[in-house]
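There are 4 protein chains.
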Amino acid sequence: MLYFNNDYNEICHPAVLKKMTQSEGIQNPGYSMDECCARATALIRQKCAAPNAAVHFLVGGTQTNLTVIAASLRPHQGVISADSGHINVHETGAIEATGHKVIGVPAPDGKVRAEQVARIVDNHRLSEDAEHIVQPKMVYISNPTEYGTMYSLAELEALSALCKEKGLYLYVDGARMGYGLAAKDNDITLPDYARLCDAFYIGGTKVGAMFGEAVVIPNPSIAEDFRYLIKQRGGMLAKGWLLGLQFEALFEDDLYMRISAHADKLADQIRKTLADLGYALYLPGTTNQVFVTLPDSLLSELGKEFTFATWEKADENSTTVRFCTSWATAQENVDKLCSALVRLSK
Amino acid sequence: MLYFNNDYNEICHPAVLKKMTQSEGIQNPGYSMDECCARATALIRQKCAAPNAAVHFLVGGTQTNLTVIAASLRPHQGVISADSGHINVHETGAIEATGHKVIGVPAPDGKVRAEQVARIVDNHRLSEDAEHIVQPKMVYISNPTEYGTMYSLAELEALSALCKEKGLYLYVDGARMGYGLAAKDNDITLPDYARLCDAFYIGGTKVGAMFGEAVVIPNPSIAEDFRYLIKQRGGMLAKGWLLGLQFEALFEDDLYMRISAHADKLADQIRKTLADLGYALYLPGTTNQVFVTLPDSLLSELGKEFTFATWEKADENSTTVRFCTSWATAQENVDKLCSALVRLSK
Amino acid sequence: MLYFNNDYNEICHPAVLKKMTQSEGIQNPGYSMDECCARATALIRQKCAAPNAAVHFLVGGTQTNLTVIAASLRPHQGVISADSGHINVHETGAIEATGHKVIGVPAPDGKVRAEQVARIVDNHRLSEDAEHIVQPKMVYISNPTEYGTMYSLAELEALSALCKEKGLYLYVDGARMGYGLAAKDNDITLPDYARLCDAFYIGGTKVGAMFGEAVVIPNPSIAEDFRYLIKQRGGMLAKGWLLGLQFEALFEDDLYMRISAHADKLADQIRKTLADLGYALYLPGTTNQVFVTLPDSLLSELGKEFTFATWEKADENSTTVRFCTSWATAQENVDKLCSALVRLSK
Amino acid sequence: MLYFNNDYNEICHPAVLKKMTQSEGIQNPGYSMDECCARATALIRQKCAAPNAAVHFLVGGTQTNLTVIAASLRPHQGVISADSGHINVHETGAIEATGHKVIGVPAPDGKVRAEQVARIVDNHRLSEDAEHIVQPKMVYISNPTEYGTMYSLAELEALSALCKEKGLYLYVDGARMGYGLAAKDNDITLPDYARLCDAFYIGGTKVGAMFGEAVVIPNPSIAEDFRYLIKQRGGMLAKGWLLGLQFEALFEDDLYMRISAHADKLADQIRKTLADLGYALYLPGTTNQVFVTLPDSLLSELGKEFTFATWEKADENSTTVRFCTSWATAQENVDKLCSALVRLSK
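Protein chains in written order, with the working numbering: chain U, 80 to 425; chain E, 80 to 425; chain Z, 80 to 425; chain B, 80 to 425.
If we strip away everything but chain U, and leave its shape as in the complex, we get (with noise of 0.2 Å):
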């Protein structure tokens, strides 16, 4: 069975288990007070540009939103975030139990809408109980999105101009953001994101890490104290040093958008197959995540060798599925995928 129905399926990448046998043998201070992780946040605020930021590693990304959050809001507080957000609708209401409300908006392609954020604002504060209904506080994107697409800096910039406006915190939530960073019609760089955001995460385990996330955060306000928070959510790993000689790897030779591009790249001979078989993309994109409409008849015989994630009933014959490349993907596994696509639709 070839996996294609997630980016998380392998242990790690070679340069980054290398690193991890090395340090056999070695022994480091607990909870992230090392230099591994001194070195790895130094380079991560050299390549954000943000010699500033706070930067904390966290091993999972549930873990690193409801801490994120937490830390950030006070308790009549709440979080904007598309409809089909991670927090909204894949972390067993992981935020509602840190009290907060995440307030959903419609986002048929995953993106939320600076438009959309003002409304919300604007009625909360014209209407005539305000304090009977959760203040808006925080704006929760992630890029790419649940559905592989991707904001524009433009967007993005909008959405960031807009949070200052009105007093909010944007914070991005990067499970994927080395597919996004690397795809080919990207414009965010990560100093951008370090320029236009209060809080986000660079995320590890499903870019080439074993786990880890890795938060930065530029706006001091939401950094007080932060390893509180972590300690207290249960995410302060004891060998904390793990995490940063994993971002150490990642990041000293730039490994982490080499290996980003190479899954972005075998995503697009996939997308690209599918559009030559003139199925239509559920959404387009250039990440790692492919979204598709194929017919229920083509699923079942694909599914004998491959595995993807199914998303949604389309309609009474065709379904709506994920395929994912990763750092990990085979050029050999993909080949193999696009020729099965071909001979199972003639």
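Check before you lean on any hint, since a few could be wrong.
For identical chains, the list gives no copy identity; a pair is met inside one copy or between any two copies.
Within a straight-line C-alpha distance of at most 30 Å, the following computed DSS-like cross-link-like pairs (lysine-lysine) qualify [stated by the list, open to error]: (1) Lys243 <-> Lys344; (2) Lys98 <-> Lys383; (3) Lys392 <-> Lys243; (4) Lys351 <-> Lys392; (5) Lys245 <-> Lys392; (6) Lys344 <-> Lys392; (7) Lys425 <-> Lys415; (8) Lys415 <-> Lys351; (9) Lys392 <-> Lys126.
The hints are simulated quantities; they were obtained by calculation from the structure and are not laboratory data.
Put chains E, Z and B on the given structure of chain U with help from the hints.
Using the frame of chain U, we list chains E, Z and B on its own:
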């Protein structure tokens, strides 16, 4: 200025106040461990034909909702509500502050349908990653709804049957329950609520009491240790007998029904006047709330003598507003309002 | 049976009830946005010499404590309290339910000392792993305390100075504040509280009101958006003007001080009787609570005519109990209690 | 510098790392739904003689504690812990952040006694106002304790029997469980834990794993829906098989016991050296932690070559410190430490 903006702008029914003033000089044990509460409990159990139901008295509706829901759910469980449900939009995230997600469903007329609940529950159970999604465990409805509409007995029975089938709790917010019970096309009785729901509350604050809501809990697994929850959430009134004697006043001779019927009848008069003038109601209704879209020019004049609640802008020149009658509304004031509507519509 | 077990077993002072009954038929806006609350706010600001302090009215003490604390702390912060503090032992974990640890300190007389706070804060800051420990951010005291003892002005000033120095908030639970202000050896005034505290509340429920506590918040960072917190935590009374007019009644002509002094004087009479009989008070005091250890044989007889609160078993044959007077206690009932004590001690 | 300050400053046992590196290129389903976790679960159930117990794998100890406790308690319930318990003092209020009070009991040797629990439960039940007090529902112990002491089987049986009698859950934090199981005077086995506890975890992070704790839950009412809780609290590792294969490595041939015994033996050597030098241990022990009070002059010299954890100032001239051995500690380093202790004590 004559108030039609809500149903809680006068102190309380004279019979309630009389009972309270008569209690001067009488000493009572605290925290609702008194005879007034015991008598009120017995009365309510009798009216509900539910001799074994737990009955508790709280001060207000948000407090009641958050306490019942916190008592009912484990941390990963959520409560289904109409998008327009009070807990979803008008309680400043009180439910989320207890850690639970409110799962909103579209409800143009304010009512949640059994089919909607079935779909959410089934989708959740069939999901490949159900554990990443909040588990629906309770259905919250208000009856009458936020829009003054009402569930029929058949609808309530369908919801109840579905909840039982799927293992969900059904909870009814009865902030305006009296106005529903007394409405001319209502076919639900208190024993129906007790038979069909796991918990519900009979609203006092908006129906003749100075303050207070009576929670009825037929389901023992919600009732267990409920007083701990009341205390923890700040709803344990020191002078609890004040709640008991108010509900005695309301229920010992059907005062609750009589004053509710009064309000509904006056609202019917407003509805008829509006219909005669050719204005379409926003939604049909027979309770004490009248939602209607009126020209801004008319509203601007009307607002000089009468208060009403502004719901939302309907179009460039008109607005949807709410007129509320209550147990306290005087016939002559409704006559004045209707005359003004006629006069200003010419 | 004559009640001396607590200070909340009668409805309210006649002047309060009169104002409430006089409001019959008068229509008011909801949620404390009315003129009664505005006037009560102005009165309290004036009595506190704090023209800029925020003033809010809530129904009960637990509700007030949890709302103030939730408004003040970030998630990793805790509140220091006497081990015997109400929030630590008698609110069913209301503070923990908002997510915050209560950091208990031993306090045999119910009072927290500045040195104790200094030690906790310094130990925390000097700790190698401070981030693994709840950060102390607020000091909670009640005055009078749970044991009826009182802070001197010097003690309150020392606590306040320390809190300012260390960056902590000082919050005073004034459930029985009147009985403290009126006590013969008290040297703290309302302007002192406003000058020295970040937030405090003036208790109504136990001091003449039917229900209600007035929160005064001199520190704007706690006051910000406070009404959102009130609503979210279930403390926003629909008919909020009922709170305003009660505090008007209590403060417009110093009724609050007069009725408090009455209770304290009667408690002094009980204390004198006990002293004359040779019983040692559990703790010295001049407020309305009298803690004393008495023989079980005496208590058993006394209990046939009088209620009192059982505190704890002192030894095999005696028990520490509390007698409470209040604004409502009749001189003749205290005379009867004292006579009975004398008679049963022979 | 040679590290004796804790037991988590080296990456992991070579057998664990070998299994991880061997998994390169192998694709696995995510979220612990893989065969490694299935095999590790089977192994652990077998070692525990608990074929029906639920077994889950989490990354760290605080995460595990907060997830188990959140899964177990209703909102008004609290967990009894030694004052020095990890959840009470070293997890930044993680338990309170889930809404629950930690009820501390004095425990000079780190151990909670059945009699203490009985007293708390009985006092609570007999209280006139039990509903105003947090309801004790779970007992949390760690074994070995924070001080390296251990419960005997008789003590654990007494706690377990009491918990069953009173309707409380018994939960054991086994962060260092291996060092306890292997200690020379231990008489508790894994089947004992499974027989006597409602939930416990077998610590990996400090006992040979790179990271990871295995939670064993014999009580089905805690186990129900546990994976939802793991996800909600941020503990669901995307590449969950990494946890499974680590526990396979530790348990398939008793590696866990062998490496634990190694650490305990080296700690015995340190204890013997200290005893021979006439230093009194702070508390007796046979596990991998050695607590001892030493002269500051000695510690100051020792600190130039060795790390150790500073516990607390004992008196003006001496300090209580902790030396930790682990699965990774080399015999020669312990020899060097012991020689230095002898040399510096002359």
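Hint-by-hint comparison with the structure:
When the C-alpha separation of Lys243 and Lys344 is checked against a cutoff of 30 Å, the pair qualifies neither within a copy, at 36 Å, nor between copies, at 51 Å. Proximity of Lys98 to Lys383 under the C-alpha cut-off of 30 Å is restricted to the inter-copy arrangement: shortest distance 29 Å between copies versus 37 Å within a copy. With identical chains, the CA atoms of Lys392 and Lys243 are at most 30 Å apart between copies only, with a shortest distance of 28 Å across copies and 40 Å within one. Taking CA atoms no more than 30 Å apart as the test, Lys351 paired with Lys392 passes inside one copy only; the shortest distance there is 23 Å, against 47 Å between copies.
In this homomeric assembly, Lys245 and Lys392 come within 30 Å of each other (Cα to Cα) only across copies, at 23 Å, whereas the closest approach inside a single copy is 39 Å. Taking CA atoms no more than 30 Å apart as the test, Lys344 paired with Lys392 passes inside one copy only; the shortest distance there is 28 Å, against 49 Å between copies. In this assembly of identical chains, Lys425 and Lys415 lie within 30 Å of each other by CA distance solely inside one copy; the values are 16 Å within and 74 Å between copies. Only within a single protomer do Lys415 and Lys351 lie at most 30 Å apart by alpha-carbon distance; the minimum there is 14 Å, versus 65 Å between protomers.
Neither within a single protomer nor between protomers do Lys392 and Lys126 lie at most 30 Å apart by alpha-carbon distance, with minima of 42 Å and 44 Å respectively.
Checked against the numbered hints above, the structure violates hints 1 and 9; every other hint is satisfied.
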